[in-house]
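Start from chain C and add chain P according to the hints.
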Amino acid sequence: MTETAQVVKTAAPARPREKKRRNVFDSLIGRSALQILAVVGFFLLWEAAVRCGWLSGFLVGQPSGVLRNLIGSIANGSLFADTGYTIFEAILGFTFGTVIGSVIGLALWYSVFVARLVEPFIAAINSVPKIALAPIIILWFGTGLLSKVALAISLTSIVALITAYQAAKDADKDLQALLFSMGASKQQIFKRVIAPSTLPAIIATFRINIGFALVGAVVGEFISSQHGLGHVIYVASSLYDLNTVWAGLFTLMLVGFLFYHLVEVIENWLLPWKQQQGGTQINV
Amino acid sequence: MSSPKVQLRLNGIRKSFPGKEAATQVLDGLTFDIHERDFVSIIGPSGCGKTTVFNIIAGLVDPDDGVMLYRGQEVESLRGRVGYMMQKDLLFPWRTVLDNVLLGLETKGIDPKRALDTAREYLSTFGLSGFENSYPKMLSGGMRQRVALIRTLVLDPDILLLDEPFSALDYQTRLYLEGILMEAVETFHKTVILVTHDIDEAVALSKRVVVLSQRPARVKAVHDIALNEHSPIAARSDPRFSGYFHTLCAELDIQTRKSA
Numbered sequence: 028m029t030e031t032a033q034v035v036k037t038a039a040p041a042r043p044r045e046k047k048r049r050n051v052f053d054s055l056i057g058r059s060a061l062q063i064l065a066v067v068g069f070f071l072l073w074e075a076a077v078r079c080g081w082l083s084g085f086l087v088g089q090p091s092g093v094l095r096n097l098i099g100s101i102a103n104g105s106l107f108a109d110t111g112y113t114i115f116e117a118i119l120g121f122t123f124g125t126v127i128g129s130v131i132g133l134a135l136w137y138s139v140f141v142a143r144l145v146e147p148f149i150a151a152i153n154s155v156p157k158i159a160l161a162p163i164i165i166l167w168f169g170t171g172l173l174s175k176v177a178l179a180i181s182l183t184s185i186v187a188l189i190t191a192y193q194a195a196k197d198a199d200k201d202l203q204a205l206l207f208s209m210g211a212s213k214q215q216i217f218k219r220v221i222a223p224s225t226l227p228a229i230i231a232t233f234r235i236n237i238g239f240a241l242v243g244a245v246v247g248e249f250i251s252s253q254h255g256l257g258h259v260i261y262v263a264s265s266l267y268d269l270n271t272v273w274a275g276l277f278t279l280m281l282v283g284f285l286f287y288h289l290v291e292v293i294e295n296w297l298l299p300w301k302q303q304q305g306g307t308q309i310n311v
Numbered sequence: 000m001s002s003p004k005v006q007l008r009l010n011g012i013r014k015s016f017p018g019k020e021a022a023t024q025v026l027d028g029l030t031f032d033i034h035e036r037d038f039v040s041i042i043g044p045s046g047c048g049k050t051t052v053f054n055i056i057a058g059l060v061d062p063d064d065g066v067m068l069y070r071g072q073e074v075e076s077l078r079g080r081v082g083y084m085m086q087k088d089l090l091f092p093w094r095t096v097l098d099n100v101l102l103g104l105e106t107k108g109i110d111p112k113r114a115l116d117t118a119r120e121y122l123s124t125f126g127l128s129g130f131e132n133s134y135p136k137m138l139s140g141g142m143r144q145r146v147a148l149i150r151t152l153v154l155d156p157d158i159l160l161l162d163e164p165f166s167a168l169d170y171q172t173r174l175y176l177e178g179i180l181m182e183a184v185e186t187f188h189k190t191v192i193l194v195t196h197d198i199d200e201a202v203a204l205s206k207r208v209v210v211l212s213q214r215p216a217r218v219k220a221v222h223d224i225a226l227n228e229h230s231p232i233a234a235r236s237d238p239r240f241s242g243y244f245h246t247l248c249a250e251l252d253i254q255t256r257k258s259a
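Residue numbers (the working numbering), protein chains in the order written: chain C, 28 to 311; chain P, 0 to 259.
Chain C extracted, bound-state conformation (with noise of 0.2 Å):
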């Protein structure tokens, strides 16, 4: 009995196995805690900077005047307003420039030598910088919504078109041949593989288009506008209106931050297949 108990007292301690150190603030909480913490500690790092005199406040505003001033464009109405505007803008530009880039990009599958004949066109357009059209679109549009809408669109459009063609190219020949072998025809081709093989890059396309739509909007607004975020950043700044100018950006970050989960969310609902099956994940 001893003799046993000797042996096993004798014998290498079995090593226990290595826990993985977790790191404490690697959960949801944890990392929304830390999100905040470095928020809030740089906007009173910069506010204290203002008010110790490190940093003119009259140069690069202040985290009190910001807040103070959108409090007040709460309170009158014109922040909501001005940010609808922005917003409806970007929308109808987004919406109108994906559909069309999309539509054309995916029609181009159907001829490869239509395809072949309009794609250094489309480089040739894709190459110029659009915002470079906006004077003259503005020359044509007016100075109103219609001007920014068509900004939002030649920006987008040309992104759609492009990355629909390119998937639609890129389709699994495999599960082309499959279905022609079945009897399908081009038609049937298009809906049953086309269409849904380019449905997650015309998605991902939303992220980036929600974007450059609201850089038409805004850009659009610089440039002749009576409402609008963009309107109110660039009338503030020429008045040196700092703190004015930081809202209408803070404004305007939040909004693509909005629309940018909101593109997530319309892709879980269009590309169940896609979700993940909480699969094992590799710590590497």
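A few of these clues could be false.
Here are the computed lysine to any residue pairs in the SDA-like style, where the Cα-Cα straight-line distance is at most 20 Å [what the hints assert, rightly or not]:
# : chain 1 : residue 1 : chain 2 : residue 2
1 : C       : LYS301    : P       : ASP98
2 : P       : LYS107    : C       : GLN215
3 : C       : LYS213    : P       : SER76
4 : P       : LYS4      : P       : PHE187
5 : P       : LYS4      : P       : ALA114
6 : C       : LYS213    : P       : GLY79
7 : C       : LYS301    : P       : SER76
8 : P       : LYS136    : C       : PRO227
9 : C       : LYS218    : P       : LYS4
Derived from the structure by calculation, the hints contain no laboratory data.
Chain P only, in chain C's frame:
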């Protein structure tokens, strides 16, 4: 013994593909018959154009020369009448199991209600009830290939073209699926052409084996396989199995015995 009825005859099929310098001749006057309810395996050296034969039959590739006769009638291809199954399961990832099985029926314009009933019936026959609404990525390789087989069978094709359908699976799963295939072929009275690298599989499953030569491919030999049983395990236990196996290996110039 009356000679069996010919279902599909390939006569003098030639095909070359344009290459960088010269065209590559792949099929050089390929001629063979497929009988009614036949099970023919096509074996041959890698790259000899076995898949091209299938693509021609299925209408994916046009031959340069030669004719195809289906039950005596000259046909361009059997597009829409074959069930083509490849090494990759080719399940549509955005479609559920049920929708994948429905794919061909939809394409054929079968009444949706009837198609749905048929699809469910096949899924339950092949033991996949309960997986109707799963997406392919949630299934194992063997299950996915089983769904692909159902998708092929549910169309009730005249001829099954199986292009190494089980070669990506592990041996156990392969034996299991071979068994399912043979049962289905019996039940639904199907004609099968199987392309395979696996001589073992060819002997176990086939009634006849067509051996192709190196590229440009011609028919080198046709062997009748007279085993009593074609269930995958029983066939492999048949005393004649190894004889056929060695004969076919010799045809393909594979050394199997240390003989002078």
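Please verify whether LYS107/P and GLN215/C have alpha carbons no more than 20 Å apart. 10 Å, holds
Assess, step by step, whether the Cα of LYS4/P is no farther than 20 Å from the Cα of ALA114/P, and give holds or violated. 32 Å, violated
Going straight from one Cα to the other, do LYS301/C and ASP98/P come out at no more than 20 Å? 16 Å, holds
Taking only the CA atoms, is the gap from LYS136/P to PRO227/C under or equal to 20 Å? Distance ~16 Å between LYS136/P and PRO227/C Cα, so the pair holds.
Between LYS4/P and PHE187/P, is the straight-line Cα distance small enough, at 20 Å or below? Between LYS4/P and PHE187/P the Cα gap is close to 18 Å, so the pair holds against 20 Å.
Given the hinted pair LYS301/C and SER76/P, is their Cα-Cα distance within 20 Å? 36 Å, violated
Pairwise hint evaluation, SER76/P against LYS213/C, where the allowed Cα distance is 20 Å at most: 17 Å, holds
Given the hinted pair LYS218/C and LYS4/P, is their Cα-Cα distance within 20 Å? Violated - the C-alpha atoms of LYS4/P and LYS218/C are around 40 Å apart, more than 20 Å.
LYS213/C paired with GLY79/P [C-alpha distance capped at 20 Å]: 14 Å, holds
In the structure shown, a violation is registered for the earlier hints numbered 5, 7 and 9, in ascending order.
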